[in-house]
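Visitor: The residues making up each chain are set out below.
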Amino acid sequence: DVKVTQSSRYLVKRTGEKVFLECVQDMDHENMFWYRQDPGLGLRLIYFSYDVKMKEKGDIPEGYSVSREKKERFSLILESASTNQTSMYLCASSSTGGYTFGSGTRLTVV
Amino acid sequence: QQQVKQSPQSLIVQKGGISIINCAYENTAFDYFPWYQQFPGKGPALLIAIRPDVSEKKEGRFTISFNKSAKQFSLHIMDSQPGDSATYFCAAVNFNKFYFGSGTKLNVKP
Numbered sequence: 004d005v006k007v008t009q010s011s012r013y014l015v016k017r018t019g020e021k022v023f024l025e026c027v028q029d030m031d032h033e034n035m036f037w038y039r040q041d042p043g044l045g046l047r048l049i050y051f052s053y054d055v056k057m058k059e060k061g062d063i064p065e066g067y068s069v070s071r072e073k074k075e076r077f078s079l080i081l082e083s084a085s086t087n088q089t090s091m092y093l094c095a096s097s098s099t100g101g102y103t104f105g106s107g108t109r110l111t112v113v
Numbered sequence: 039q040q041q042v043k044q045s046p047q048s049l050i051v052q053k054g055g056i057s058i059i060n061c062a063y064e065n066t067a068f069d070y071f072p073w074y075q076q077f078p079g080k081g082p083a084l085l086i087a088i089r090p091d092v093s094e095k096k097e098g099r100f101t102i103s104f105n106k107s108a109k110q111f112s113l114h115i116m117d118s119q120p121g122d123s124a125t126y127f128c129a130a131v132n133f134n135k136f137y138f139g140s141g142t143k144l145n146v147k148p
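If you read the sequences in order, they're chains A and B. So for the first sequence, our numbering puts the first residue at 4; every next one is plus one. So for the second sequence, our numbering puts the first residue at 39; every next one is plus one.
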């Protein structure tokens, strides 16, 4: 089974802090994705990557950046956290067909 | 503009009943329609999926009905059980880019 591991289950950060969310997958997938999940809004794509050092903006990239230095690792960066970035963040990877999601990181910005 | 519209937002069903969740899309280029199931504290997991060349796919108690002309597809859960209580997301896929519905929170009463 593909495993997608998100390093933190819960995070509490202060407004203005730089925040790193880490995601690692163990099946050599090319494609990796970051979503945020909010009640009533479903899953919204922040950024995705089809290869190492490659990134593309999703639907809501403002306030976020990403890094993919190695194939198995895809990091989401909040340059200056704000309270409206309080959310559940989900990482996913895929090859052809299906996604595999991590368990999510619930981030609270205070 | 939301690419995939999902309804209802929440659903309460008695044990043994049929749960029905509906999704609609506009883009005829979508070529893969998966459903994901998410339990609290977990990431979404692939439940069942269909391609537009068939009108129905059944796996155990879960069935996808697909109406290409109406651009609609639905998930039917037969003999719903309390263990089916979860949030369900439909998705539509084009070129490995996923567009998710807003989710349906299903509660199956014992």
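Read the hints as simulated data drawn from the structure, not as lab findings. Take these hints with a grain of salt, some might be off.
To be verified - Straight-line Cα separation of at most 20 Å, PhoX-like style, residue types lysine-lysine; simulated pairs:
no.	chain 1	residue 1	chain 2	residue 2
1	B	109	B	135
2	A	60	A	74
3	B	106	B	96
4	A	6	B	96
5	A	21	A	6
6	A	74	B	43
7	B	135	B	43
8	B	106	B	95
9	B	135	A	56
10	B	135	A	58
11	A	6	A	60
12	B	80	B	95
13	B	106	B	43
14	B	143	B	43
15	B	96	A	60
Visitor: Between residue 74/A and residue 43/B, is the straight-line Cα distance small enough, at 20 Å or below?
Guide: Roughly 33 Å separates the two Cα atoms, so the pair is violated.
Visitor: If you draw a straight line from the CA of residue 6/A to the CA of residue 96/B, is it 20 Å or shorter?
Guide: Judged against 20 Å, a Cα distance of about 26 Å means the pair is violated.
Visitor: For the pair supplied as a hint, residue 135/B and residue 58/A, is the alpha-carbon distance within the 20 Å limit?
Guide: Cα-Cα ~14 Å, so holds.
Visitor: Below or equal to 20 Å on CA atoms is what counts here, so check residue 109/B against residue 135/B.
Guide: 18 Å, holds
Visitor: Keeping to a limit of 20 Å between CA atoms, is the pair of residue 106/B and residue 96/B held or broken?
Guide: 17 Å, holds
Visitor: Is residue 135/B within 20 Å of residue 43/B, Cα to Cα?
Guide: Satisfied, since the Cα-Cα distance of roughly 16 Å is no more than 20 Å.
Visitor: Are the Cα positions of residue 106/B and residue 43/B separated by 20 Å at most?
Guide: 15 Å, holds
Visitor: Between residue 60/A and residue 74/A, does the CA-CA distance stay at or below 20 Å?
Guide: 18 Å, holds
Visitor: Residue 96/B and residue 60/A were given as a pair; does the straight-line alpha-carbon distance stay at or below 20 Å?
Guide: Given that 20 Å is the threshold and the Cα spacing comes to 36 Å, the pair is violated.
Visitor: Would the pair residue 6/A and residue 60/A pass a check requiring their Cα atoms to be no farther apart than 20 Å?
Guide: 24 Å, violated
Visitor: For the pair supplied as a hint, residue 21/A and residue 6/A, is the alpha-carbon distance within the 20 Å limit?
Guide: Given that 20 Å is the threshold and the Cα spacing comes to 27 Å, the pair is violated.
Visitor: Straight-line Cα separation of residue 106/B and residue 95/B no greater than 20 Å?
Guide: Holds: residue 106/B and residue 95/B sit about 14 Å apart, inside 20 Å.
Violated hints for the displayed structure, listed by number in ascending order: 4, 5, 6, 11, 12 and 15.
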